[in-house]
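The task is to assemble the complex, starting from two chains supplied on their own in separate frames and drawing on the hints.
For the record, the sequence lines run as chains A and B.
Each position in the first sequence, counted from 1, maps to that position plus 622 in our numbering.
Each position in the second sequence, counted from 1, maps to that position plus 42 in our numbering.
None of these hints come from the bench; they were simulated from the model.
Just so we're clear, the structure is a prediction, and the values are computed from it rather than from any experiment.
All residues carry an ideal CB built from backbone N, CA and C; glycine is no exception.
Any given hint could turn out to be false.
If you want the footprint, here are the derived chain A segments under chain B, 3+ residues with CB under 8 Å [claimed, not checked]:
hint : stretch
1    : 837 to 848
2    : 943 to 951
3    : 967 to 979
Examples of chain B residues toward chain A, derived with CB under 10 Å [claimed, not checked]:
hint : residue
4    : Gly175
5    : Gly200
6    : Ser201
7    : Ala237
8    : Asn241
9    : Asn251
10   : Val252
11   : Gln254
So you can see what is in the structure, the chains are spelled out below.
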Amino acid sequence: MRWTDRGEILSVQNISKRYGDTAALTNVDFNLLAGEVHCLVGENGAGKSTLIKILSGAEQPDNGRIQIFGKEYAHLTPRQALEVGISTIYQDLELITSLTVADNIFLGHEIKRRYGIIDYHTQNRKARELIDSLDVDINESAYVEDLSLAKQQMVQVVKALYTNAKIIIMDEPTASLGIEETKALMDLVRRLASQGMGVIYISHYLGEIFEIGDRITVLKDGRVQAMYNTEEVDLDTVTRSMIGRERSLFYDRQRVAHGNTVLRVHNLSKRGSFEDVSFDLHRGEILGFGGIVGAGRSEVMNAIFGVEPKDGGKIVIHGREVNPKSPWEAIRLGLAMIPEDRKTLGLFDIRSVLENMVIARNEATGLVLDHVKEQEFSKDLVQRLHVVTAGLKQPVGFLSGGNQQKVILARWLLSDAQILIFDEPTKGVDIGAKAQIYKLMVDLVKEGKSILMVSSDMPELMSMSDRIAVVREGRLVTIVDSKQVTEHELLGCFLEVHHDGGVVV
Amino acid sequence: MKALETSFKKKAMANQWFLILIVVFILSVVAGSVNPRYFLPANISNLLGQISVLSLVACGQTILIISGNIDISVGANIGLSSVIMAMLMRSGVMPWLAALIGILVAIISAFLIGGASILFKAPSFIVSMAAVGVFQGIALFLTQGTIQTVYGQFETLGSTKYFGFLPLLFVIALLGYLVMHFILTHTTLGRSAYAIGNNEKAAFLAGVNVDQKKLIFFSLNGLFVGLAGMLLLSRVGAAQPSTGMGIELQAIGSVVIGGAPMSGGKGNIVGTFFGVLLWGVIGNALNMMRVNPYIQDVIVGLLIIFAVAVSALRLRSEKSSME
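Just chain B, same shape as in the assembly (with noise of 0.2 Å):
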């Protein structure tokens, strides 16, 4: 029995996502027996799409943050881009062509922050934080601050679901998902993330290629980052310099409550798929529960003050068994 107990104990502490589990678990439970349509389809689908444009922002996150990395710039960068492309849509240009051309924005943006951390030898915590106001400003300046609608032109992304039940956009998440699990488990690019978040000395001694490296981590970012905005885009018919706002921090929050320390070296896409699960339940069950929206900001941050605490622990007695 006590073996048990602590085999279950060393399994829920390994992987945090199982923590995760039970406490979406709970809250369904709870907002399911306060409001039964918490349970219908409808609900459970309207869920995955809001779920699915934080799901490419957090991806993309996951590979910064294991690297030791990390970019606050991708709210601002998805107003940007979204904006670019719905003002191109409103111009005539073709959707696909539009789209296209925000996420090469999306990545230049990003490509930029890191060539900038890399280059200054400043964090790039400083670099994207002033980053924001550069993507806003000319965002602001491009549309001199007015919505860009572009309702009825690029819809089809937005509104397609299977069997009346699964979006879209959900779908793509789960490919972006999968993308970005397979960069991280099988390959060298992946690998290097680790080793430079973990240690970059060791890594630059160890033959690899710390800067080159970090540039693509920054542009990968920059290309999930403009795909989560050409989602957006389709899923709210318009864009304006705000849109996006914020999101950095629900992405970053994913991150860590997947259970990625915020130092590097550690982190898996399920960790980041079950941390933005957690953030979507939350917001939706708070919301069938009719909780007071502003109560239900205390109660999302308590929630990541606690996974942030519980991660730290977790770090620290592995690090204390280390010595």
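Here chain A stands alone, though its shape is the one from the complex (with noise of 0.2 Å):
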């Protein structure tokens, strides 16, 4: 069946979602046309996510409407979801990997003969029909491991067009492909439209999405900011209504004199992450690493860390020339790392405070604890950073998200530590932490010391950077002073369109 009148298949209404503390969406208005693609745009925390996760049935609203095929709900659940027609595909696959493209598209559904056996036959010839009928080039019978991450997300539509999906969601599905699959990607989807379908597409390249769109909806911190027709407007008025924002949300710090060069980076890559970044830090800068989420930030720090060692390049400390090849290593040359994700890789949840305090000065000492100056020096650090907690034997894992942070800081703080990598600092902490976070990051380059900063989080990255690096694509494409630039300029930077070479500011 095909829709030849443009009908509106999907709206919702006044929709708002407040998680805690903080509102995620505030009164939400947004449409879809059957056999359009709608794009949705905003920086990382406008509150994409969290509206599809509505529309996808993952997360209820607090208040608002939502009307689909003319039928009004309340909330969805992930079941309705699929049962009317709306199928979202994650930036993270949802396939898997180990079973054929057949398997994976009637997984759940499967084909069956008689004393429920599956009828593979029938299976693969059904995936071949439907796989032709969207005019791509992939074997049914390939197991998906063996597929490229472009094919492994048409799979996706594929499998998606069988459960009979009137309306996709597509989650950033170009952040990891290349410039042809991306083009074959785009195709796809512009077929998908053209047969009636309605595509919700989210993107942070806007290039993509002004090829593709047929209309834009800008959000911010939760708000509709605007919405256009694709071809009434240009890229420039869209980054603008991206970005501006209340002056409350930027911390006002104060500067600290830069010394000497502590830190040269020269040159630095390894394969298929990142190529010939180079940068100098010095005494007593905070130097932000910007982009977007996967542009290979996090990266070039585990390299420098030694997590993943370096292919290629120079790492230089102090005049001397380093080459740590383990965390192990780069802590004796005076490093350190806050992880991005604090679960997995920062904390040792079913631990005490003061173990996870001490653990880093402990390797570097001697083999007999002292137990004396452990519950001194975690005591002190309790009380410095404010941590919540009911005593020093609490487990971390009971700690608010800003109070893990704070132990996991305490750690490095103990250490002698001249040269601190913060990735994502205050990801998940709530807005009182964060502050004090702050405070403490101005503290140490007072100190003399110098820290990375690794931040998805605009007014964090542009109020506490000195200098701003931008990384796009495992490049460093530029450094930039972090009071010459504006928030449109820097967004300009991190987005700059990938596959056309079209430079967007």
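Listed below in structure tokens is the structure:
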């Protein structure tokens, strides 16, 4: 069946969603027509994910109305969403990679013969038909793990077609694709729309959106900032409406005079992650690293900290070339790292606050523990950082996100680190703890330490950094003075159109 | 009253050994009333001797399990190292030197399991399972399957009793507990065992030299296994390749009953001590009550399942309150 008339197939009105103290969405209106590609843009944390979670039934809105094909819902369950024909394709694929394409398409809806035996023959034939109908080049009996990421995305689309999806939501489908693959996927999206399907398309790449979208909705801080018809708007206007915000979100930090170069990174490379990254870090400086998620910033930090050692290039600390092959070695060179993923990479959740704090220091000292000193150190740090805990013996898993982050900060304050790497230092941290962490970072540079800070939080990046290095697709494209750049220019730098070479700003 | 009740509950839940103590107490009362000889010094002395070998093996296993590893080849390792000790003694090597060489063999064997597990990034469970066959095979090849008797050559350790009651074996086992307790609570090595067991990636990023530490844990376990093999040889006066068979399960069971989850990151030596004690008391009490030996196995098995269930529930309630 084809929709020839462009009717409204989905609309939400006045949708709001709060998580604790933060409003993720406030009074959002949004609609989708049959046969259109409606793009959703906005910075990290603007509320795009929350909106699609509500549409796919993963989250329930606090208030507002959802209308799909004329029927009204207060909220959707994941099952309802599927039944009415909404299919969401997430960035991290949800395929079973050890099964074939056809197996994945029919997963949970297998075609069976008598006695519940799966009819592979019919499944393969039907899969072939579906794949052909989309005019893509995929072998139905190939194992998913042998396919490129782009083809895996396409398998997801085919799977959505089989479950009779009429509305497809794509969350950054091209984030990890190359130029050719992106083109093929976008062709596919256009074909879906021409067959009458409605597509909600989320991407950081504005160039892509102008190529593919019929309409563009801009979200900012959980509100709809603007809605445009693509033909009637230019890139500059869209970028401008994505940014600009209240002054209060910016932390007004004290500046510190810079000293000698403490870290020089020259042409640092790691195959498949980043290439020819060069920068200097000075005593007392906070060097921010900006870019979209997945640009390769964390990978650069991991190479410097010895987690995934570099392939090429030089790291020079205090004038001496070094080559850390593990964090253990890097720490002995005066480095420290607060990783992005606190829960899986930072915390010992069933161990005590004290043990979590002293571990790095212990590893650098003798064999026998000094329990008295440990107590003193951790007591001091709990007070200094205002860690809210029932006691030093409290397992750190019981603490709130902000307090957990403070415990990890404390770990490195106890070591002799001169160069600290902060990877998303305030991710998932409440506003109060945020300000305390910022103050601590300023205290550190005042003491003559230096900080590399990866941040996807625009106000944080602009207000905390002295300079900002922009990383895009594994390359450090420029380093700008944070006082000489506007949010608009910076965002333009992050987003530069990536497949046709056109420059945005 | 309510407050007292909950605080008692908390205490009992927080210390699994407290629960074990209650079970030991009940078992003892029942066994003692069925057979009064249960409380005679001779029986208690015998019980202490019985649990000495298991104590050392369980000590070594404790640090491995805390660090998220395991070695199920310890039984076969005892077989191999004690056979080598006995053969050396029979060929005229001085007993203490023979014992020392046997202990070294045990350390190297355990070290190799750790090394292979790290090198091939394979779970130590699989590597040590494969090692069972290797160790037993070597022991069988060396002895051609015969029993190596050393009667009269190496008895002092096994037969000495202080005050006619306290076996030297148990004194050595107590020393083992103390050493392992010191390592776990007073050294960076112990701390890193908990850290690695709780979150290996985070430990690596916090500057723990994870591979080196794991090798030390395995070697330390080898040392305790070697000592256990020596005690067993002295107590029994003979060794064969099947010596020590099954002790790995008793040791792992004791550690887990003592409150250390198999997932690592938790546990302590006090718990292991009570786990071993429970194991010894169950066996001894059931014997004293003349329970059919086949049924004894059933009862022991059920008790272990019960203990593991308690520890699993405890962990789950803890995790859920963390969310």
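Consistency of the hints with the structure:
Beta-carbon proximity to chain B at under 8 Å applies to 0 residues in the stretch 837 to 848 of chain A; the threshold of 3 is not reached and the given coverage is violated. Counting residues of the stretch 943 to 951 of chain A whose CB lies closer than 8 Å to any CB of chain B gives 3, so the stated coverage by that chain holds, three being the minimum. Three residues within the 8 Å Cβ limit are the bar, and the stretch 967 to 979 of chain A against chain B gives 8, so the coverage statement holds. Interface restraint check for B:Gly175: the shortest CB-CB distance to chain A comes to about 30 Å, outside 10 Å, so the restraint is violated.
With a least beta-carbon distance of about 33 Å to chain A, the hint placing B:Gly200 at the interface is violated under the 10 Å criterion. The closest approach between the C-beta of B:Ser201 and any C-beta of chain A is roughly 36 Å, which is over the 10 Å cut-off, so the hint fails. Annotation: interface hint on B:Ala237 holds; nearest CB of chain A at approximately 5 Å, less than 10 Å. At a threshold of 10 Å, the smallest CB-CB gap from B:Asn241 to chain A is about 5 Å, leaving the interface hint in force.
Because the closest C-beta pair between B:Asn251 and chain A is about 5 Å apart, less than 10 Å, the hint holds. Because the smallest distance between the Cβ of B:Val252 and any Cβ of chain A comes to about 8 Å, under 10 Å, the interface hint for this residue holds. Because the smallest distance between the Cβ of B:Gln254 and any Cβ of chain A comes to about 9 Å, under 10 Å, the interface hint for this residue holds.
Hints 1, 4, 5 and 6, counting from the list given before, are not met by this structure.
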